[in-house]
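In order, the protein sequences belong to chains A and B. So the numbering used here is basically just the index in the first sequence, starting at one, shifted up by 196. So the numbering used here is basically just the index in the second sequence, starting at one, shifted up by 19.
Because the hints were derived from the structure by calculation, they are not lab data. Treat the hints with care, since some could be wrong.
[As the list claims (entries may be wrong)] The list that follows gives simulated cross-link-like pairs (lysine-lysine, DSSO-like), each with its CA atoms no further than 27 angstroms apart:
1. B:K492 with A:K287
2. A:K320 with B:K424
3. B:K228 with A:K320
4. B:K511 with A:K287
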Amino acid sequence: MAQTVPQDLKYTKDHEWVRREGDELVIGITFFAQEQLGDVVYVELPEVGAEVQAGQPFGVVESTKAVSELFAPASGKVVARNDELVDAPEKVNQDPYGVAWMIRIAPSNLAELDALLDAAAYQKYVEEQQ
Amino acid sequence: MSQEFFPNTSPGTRGLVYREPLIFERSVPGRSGASLPSAGVPETDPADEIPAELLRGPIEHFPSNSENEVVRHYVRLSQTNHSIDTGFYPLGSCTMKYNPKVNEWAARLPGFANAHPYLPPEQLQGVLELMWNLQNLLSEIGGFAATSLQPAAGAHGELAGLMIIRAYHLDRHGTPRKKVLIPDSAHGTNPASAALLGYQAVELPSNEKGMLEPEVVARAMDEDVAALMVTNPNTLGIFETHIKEIAEIVHAKGGLVYGDGANMNAILGVARPGDLGIDVMHYNLHKTFSTPHGGGGPGAGPVSVAAALEPYLPRPVVVKEGDAFRLDFDRPKSIGKLRTFWGNFGMMVRAYTYILELGREGLRRTAELAVLNAQYLRKLLEADWHVAYENPSLHEVIFTDRNLKETGVTTMDVAKALIDHGFHPPTVYFPLVVSGALMIEPTETESKETLEAFAAAMKAIYERAKTDPEGLKRAPEKPVVERLDEARAARKPVLRWTPDFEIPF
Ligand SMILES: Cc1ncc(COP(=O)(O)O)c(C=O)c1O
Numbered sequence: 197m198a199q200t201v202p203q204d205l206k207y208t209k210d211h212e213w214v215r216r217e218g219d220e221l222v223i224g225i226t227f228f229a230q231e232q233l234g235d236v237v238y239v240e241l242p243e244v245g246a247e248v249q250a251g252q253p254f255g256v257v258e259s260t261k262a263v264s265e266l267f268a269p270a271s272g273k274v275v276a277r278n279d280e281l282v283d284a285p286e287k288v289n290q291d292p293y294g295v296a297w298m299i300r301i302a303p304s305n306l307a308e309l310d311a312l313l314d315a316a317a318y319q320k321y322v323e324e325q326q
Numbered sequence: 020m021s022q023e024f025f026p027n028t029s030p031g032t033r034g035l036v037y038r039e040p041l042i043f044e045r046s047v048p049g050r051s052g053a054s055l056p057s058a059g060v061p062e063t064d065p066a067d068e069i070p071a072e073l074l075r076g077p078i079e080h081f082p083s084n085s086e087n088e089v090v091r092h093y094v095r096l097s098q099t100n101h102s103i104d105t106g107f108y109p110l111g112s113c114t115m116k117y118n119p120k121v122n123e124w125a126a127r128l129p130g131f132a133n134a135h136p137y138l139p140p141e142q143l144q145g146v147l148e149l150m151w152n153l154q155n156l157l158s159e160i161g162g163f164a165a166t167s168l169q170p171a172a173g174a175h176g177e178l179a180g181l182m183i184i185r186a187y188h189l190d191r192h193g194t195p196r197k198k199v200l201i202p203d204s205a206h207g208t209n210p211a212s213a214a215l216l217g218y219q220a221v222e223l224p225s226n227e228k229g230m231l232e233p234e235v236v237a238r239a240m241d242e243d244v245a246a247l248m249v250t251n252p253n254t255l256g257i258f259e260t261h262i263k264e265i266a267e268i269v270h271a272k273g274g275l276v277y278g279d280g281a282n283m284n285a286i287l288g289v290a291r292p293g294d295l296g297i298d299v300m301h302y303n304l305h306k307t308f309s310t311p312h313g314g315g316g317p318g319a320g321p322v323s324v325a326a327a328l329e330p331y332l333p334r335p336v337v338v339k340e341g342d343a344f345r346l347d348f349d350r351p352k353s354i355g356k357l358r359t360f361w362g363n364f365g366m367m368v369r370a371y372t373y374i375l376e377l378g379r380e381g382l383r384r385t386a387e388l389a390v391l392n393a394q395y396l397r398k399l400l401e402a403d404w405h406v407a408y409e410n411p412s413l414h415e416v417i418f419t420d421r422n423l424k425e426t427g428v429t430t431m432d433v434a435k436a437l438i439d440h441g442f443h444p445p446t447v448y449f450p451l452v453v454s455g456a457l458m459i460e461p462t463e464t465e466s467k468e469t470l471e472a473f474a475a476a477m478k479a480i481y482e483r484a485k486t487d488p489e490g491l492k493r494a495p496e497k498p499v500v501e502r503l504d505e506a507r508a509a510r511k512p513v514l515r516w517t518p519d520f521e522i523p524f
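Start from the sequences and build out the full structure, keeping to the hints where you can.
Rendered as structure tokens:
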């Protein structure tokens, strides 16, 4: 199956993506992540207002195979979360870079993004994993 | 369903199965399985005696059935199930060995089965003697100073062990410390137990051989670390050869080493974790010592400790004074009581019976045969199936679905297909560090013929994956209920029956 790795995003080695939108960051998990997980059945996200820490767990995603933690690509305060995923976790499998975004944060240190992988580096990393 | 893919050694076939509705659907209002004699005293209406807010109203749709309806209902359901008494059950990390029936005989001896836990110790001497002997045998087998039989499962044993470690640090250093180090191949209960006690679980990466390296531990080790939790052999089935060195690194910084004893079946009578520097370890009696597993009965997760930790064991412990046994509650440093009464006593009788029946030589032979069986299966399967780790494994071996990649057949499909062959699937997608893991633990109780029949089924599945992947993806087709939509069951679970509920298949 063709791997889709959008060019305009940054990536973590734990397979989260982050997109900059104005002053905010939108965070989700990658196509590769959802493919590895299989059918996603449950998503747990932090409350709006919660602080997330770069590299630390901010939520949980559960599939028919396994339960995995979600790791924050950057630090900041949660300004929105995608409550639709609670009722329709299958969206994570259907559209991981689009409707299945997970949280939106107000970042506290944008320089953290520099430590993340760009699309080419992430693509290479995923290929090594397989 | 096409029969060409089924070797005639596969035990799976069809028998007579019954259409069985839910017990609620079998219910007829007013029907009952019991006829009670008259009470011999005037009947009163509870509403006259008890305040209305404390009275429970009728329970809607509470099933009313006769005795034989109830018996047939559950026997029929049980007949559609797979169990260790009906077939091979190679569920990795679970040690699904056959449970000898002599254990059941012993547990049903009236002196054990009818003993009330509140009998005075003078009348419980046999029970206490058995507990005392079992404590000592488990201490001896693992190389520890003392053992508590109280915990009710492996995970409960982990919690007990970490509570002991916590109590030790508090007592010695005035702080419980903050972190527990856990390799990435560990069972999920390890970090869960640590988190439950307020510890931060720190994951340590294992190397490309599936092993924990001393340098990795050394780098993570500081004076905030309360303990390292290790499983040996680990959940990859691989013996951690550097365990002594690792224990020294942890001890040098004042930490303790917790041993997850779930995999003791591989080293029983061969190596003693206590001798390798482990300070605390739990056993799973329902794995290693042949007591029923899963729905078959309560578990038991005794916890054994080195001498320095003995004061913190759960109370009471059984002690011997002269020729008499008693329960000692006077243990001021104890972490307290963890379980109603004295633990799951019926399981202690079964495990004790098992140990006495096998003896020292028999226990060692158990481990040797468990490893031999796993080696034999590995050899039979490795031509077709990709082995996750090249280096030697002990009592279990992990394959993956890598060689089937281009067919689209996954580990889950292989697991489902094994059901049609009459075998319980292996553990799948665990440990998480292996992609598409198929973790096979045959145990010592299976014959060469059974292992070969299983290998033949795996070969047939492999070949079918290459020629008929779509057919394989429909499996299982033989059971009463065919392949379930697991994702839907988890996403939209139906947890309560209602009369208008329509089963959607
Ligand atoms: C390695 C390991 N540790 C701990 C446990 C937990 O034991 P239990 O299921 O008795 O709580 C298991 C159970 O499968 C295990 O495999």
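Evaluated hints:
1. For a cut-off of 27 angstroms, the pair hint linking B:K492 to A:K287 stands: about 23 angstroms separates their Cα positions.
2. Taking the CA atoms of A:K320 and B:K424, the gap is about 19 angstroms. The hint holds against a cut of 27 angstroms.
3. Restraint check for B:K228 and A:K320: the C-alpha separation of about 23 angstroms stays at or below 27 angstroms, so the hint holds.
4. Distance restraint check for B:K511 and A:K287: the Cα-Cα separation of roughly 14 angstroms lies within the 27 angstroms cut-off, and the hinted pair is therefore satisfied.
No hint from the list above goes unmet by this structure.
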